[in-house]
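*Asks:* This is what each chain is made of:
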Amino acid sequence: MDWERQAGAFDETFEAAGDVRPHYRTALSILQGLGTDEIERRERLQKLALLNQGITFTVYGEKDGIERIFPFDFVPRIIPAPEWRRIEAGLVQRITTLGLFLLDVYGEQKCLKDGIVPAELVYSRKEYKRELLGVVPPRKIFTHIVGTDIIRDDAGQYLVLEDNCRCPSGVSYVLENRNLLQRVFPELFAAHAVQPVKDYPDLLLQTLGHVAARTSQKPVVVILTPGLYNSAYFEHSFLARELGVFLVEGRDLIVEDNHVFMRTTQGKQQVDVIYRRIDDDYLDPLAFRRDSILGVPGLINAYREGHVALANAPGAGVADDKSIYAFMPELTRYYLEEDALLPQVPTYLGFRKADLAYILDHLAELVVKTTGDSGGYGMLMGPFAASAEIEEFRDRVRQNPANYIAQPLVQLSAHATYAGGRFEPRRIDLRPFILYGDKIRVLPGGLTRVALRPGSFVVNSSQGGGSKDTWVLAGRETAHVEERPGGAGAGRVLGGMGGHVGAPHVG
Amino acid sequence: MLSRVANALYWMGRYLERAENLTRCLLVTEELATEIRAFNDKLAQAEWIEVGIIFPGAGEATTDLDHLRGFLTDTDNPYSVLFSLGRARENARAIREALSLETFVTLNETYRALEARAAAGLADHADVRDALSAVHTGLMSIVGAVEHTLSRDQGWLFLKLGGTLERVYRTATVLRAKLPGLLTPPPDTEIPLYYSQWRSLLRSLSSLENYRRLHGAHLEPNSVVEFLLFDPHAPRAVRFGAASVKGYLEDISDTREVTAPGRIIGRLHARLSYADALPALPLLDEVQAELAKTHDAIDVLYFGT
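Residue numbers (numbering that gives the first Met the number 0), protein chains in the order written: chain A, 0 to 506; chain B, 0 to 304.
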């Protein structure tokens, strides 16, 4: 195959010598065997299916056609089982740490007293909710659903880029991408044993039910959405349908006597667990932003009294703050007495004097990020930025250093992607989804996002990215793949709270 | 179920029914206008004016083609087929979790297909006719998906309630718009056209075959009016519609108590069971008013808007 490598990036599909990596050989030879006409016919089918099924996302700030298809590339991203086991163990360890950190900063604050994380840094995070100090969420779980973004550096090493502990989205595309690829390219699945993902809704419902206060009856679980015009509305609706639970908006809920009810055609019905897809600040106008019309007045008091569980728990966002991220390796050692299994990107904190000087001196080489933002907003890509943009960021960082961090530019790995009639390398990342219920479970694979422009680093759907089906191969398929020495063993139980799910799920 | 979801289902039912009623009305009117245009231009134009009374909001138009475009794809017209389908879809999209995949997908496909044709521009009569039958087939598929896949729970009842109320209201509106002209017999020379109009009236309420089965091919104005008002079995007849609305309201209410909307529709149904067909117009005014009151009472009782 004609293949030009992406300069500087780890090549997911081809080895340095130019051979297709063993775990991609079958899939690529099937796809190439189809021929261009057949592939284009299948692409058309695939686009029509997405449009007709309304699998779309909403782009903010566009007047017309607010719904867009999330572009899908049919070349699957394939992860061999041993490689996945290492990622999985690393994620379980990481989520365990995040959970302990949250319990601590809203509880005894030992990590602040022991100087592991500067108290001032934590208190100054806008996602740290002082109002909730001393409130322990049901079953001590803050982060029921986490999406952790992982990238591969130029050597192919997996690095954690960020954790999303608030309302990570994208899991609906994981499920829909699998459906779509199975329908449009069934021959790929005949030739590979791919770990199924379709039991995610079942696991999510179990995870949510686990924190219900009323145990005497089947818990009433609802999903709280900001509504039709939210960019992730499709996902909210999709999950409600898949879970078989009510999709509610703020106006559907009322709080009476610190219990939460929904308004139904048969009167009021009590709600036990709210999977909220609304940010903390908008949850309850009485507790946080007064101007919120999306929220439910009194909700936070009901939560405080333990009559309703919120997933994720309010206040959890402080754990995914980009400056707290810098402390994760230390926090893992502090709480678990273990080294972090998954490495992460070196991070300079505007909060630290020495780091700040370095950041300001090296803006043109660094990626600068606003600590509380996500989705690729509020950041500077130094190596690609115009000097005016760099100077503007210099002012912003100077004015409010603690709000910024900087990292060296990490090359994202490149993966074969079908573009204009041929396979070309495009950069990708990975967002696995982790559920924290009676134990910690990681959905095999996750959402692979792909930058659709050649060489681009931008994988965000709002800014021209697409996605791929992500395969974790079942163990027996990948016996020929070398196990790298020093990898973490799978299946270990961490801190008495985590666990590993090894058995393939029947989906 | 959630009041908001019930409300969306009710309106989805109404908009789907409205889109279907108008599509059928356009298919029939297009044919009739083509048939009579050469004989009596004024009469053809009058047909379009009546459609505009039944489905108000279309802009000015003179040619049949412009009328058709205005009613089919003009999104500034709050009663156009595309507008109603769009609203049905918006309601469905806001409560997708309460629908089956098949229901949403058929609705979405039908909407997308018409939207694409509107964007391409409807070139001529053949194009419009083709689009109309495609939409009509699509609407039938949606009804099929609803019938085959939705659970017969409260959500279903609100969807059906909306559809049925819209249908009976639209039948009453069609009769109210058309009968004043039709009940005055024309000069002898126009008798063939006169019967074409009565036939079209029945067809636009998909009742021609049902009527013939009961009364034979001969169209007797009084029996047509009586049939469309009082037949207890024909799905477009006013009395049948009132009985359906009453039935769905009884099923929705989980107590044996008569509800406020149930009381209004129950009285109307009783009235229709014993009333005389003529004079028809005051009766139709009463039907429209009582149906509007029923809607308001449903709104207050279940949707709390």
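The reader is advised that the hints may include incorrect statements.
[Unchecked claim] Residues of chain B placed beyond 10 Å of chain A at every Cβ, according to the derived structure: (1) SER2; (2) ALA57; (3) ARG211; (4) LEU277; (5) ALA288.
[To be verified] One-sided excerpt, in silico: chain A residues whose CB lies under 8 Å from chain B: (6) LEU49; (7) LEU50; (8) GLY419.
Simulated from the structure, these hints should not be mistaken for lab results. Virtual Cβ for every residue (Gly too), placed ideally from N, Cα, C.
*Asks:* Against each hint, give a clear statement of whether it holds in the structure.
*Replies:* Each hint, compared with the structure:
Against chain A, the non-interface label of SER2 (chain B) is violated: not every CB pair exceeds 10 Å, the least being about 5 Å. At roughly 23 Å, the least C-beta separation between ALA57 (chain B) and chain A is larger than 10 Å, which holds for a residue marked as non-interface. Listed as a non-interface residue, ARG211 (chain B) keeps its Cβ farther than 10 Å from every Cβ of chain A; the least gap is roughly 39 Å. Non-interface status of LEU277 (chain B) relative to chain A is upheld: no Cβ of that chain comes within 10 Å, the nearest being about 40 Å off.
Against the 10 Å criterion, ALA288 (chain B) stays outside the reach of chain A, whose nearest CB is about 26 Å from its own CB. Interface hint status for LEU49 (chain A): violated, as the beta-carbon distance to the closest one in chain B is roughly 11 Å, over 8 Å. The restraint placing LEU50 (chain A) at the interface with chain B holds, with a minimum CB-CB distance near 6 Å, inside the 8 Å limit. At a threshold of 8 Å, the smallest CB-CB gap from GLY419 (chain A) to chain B is about 25 Å, leaving the interface hint violated.
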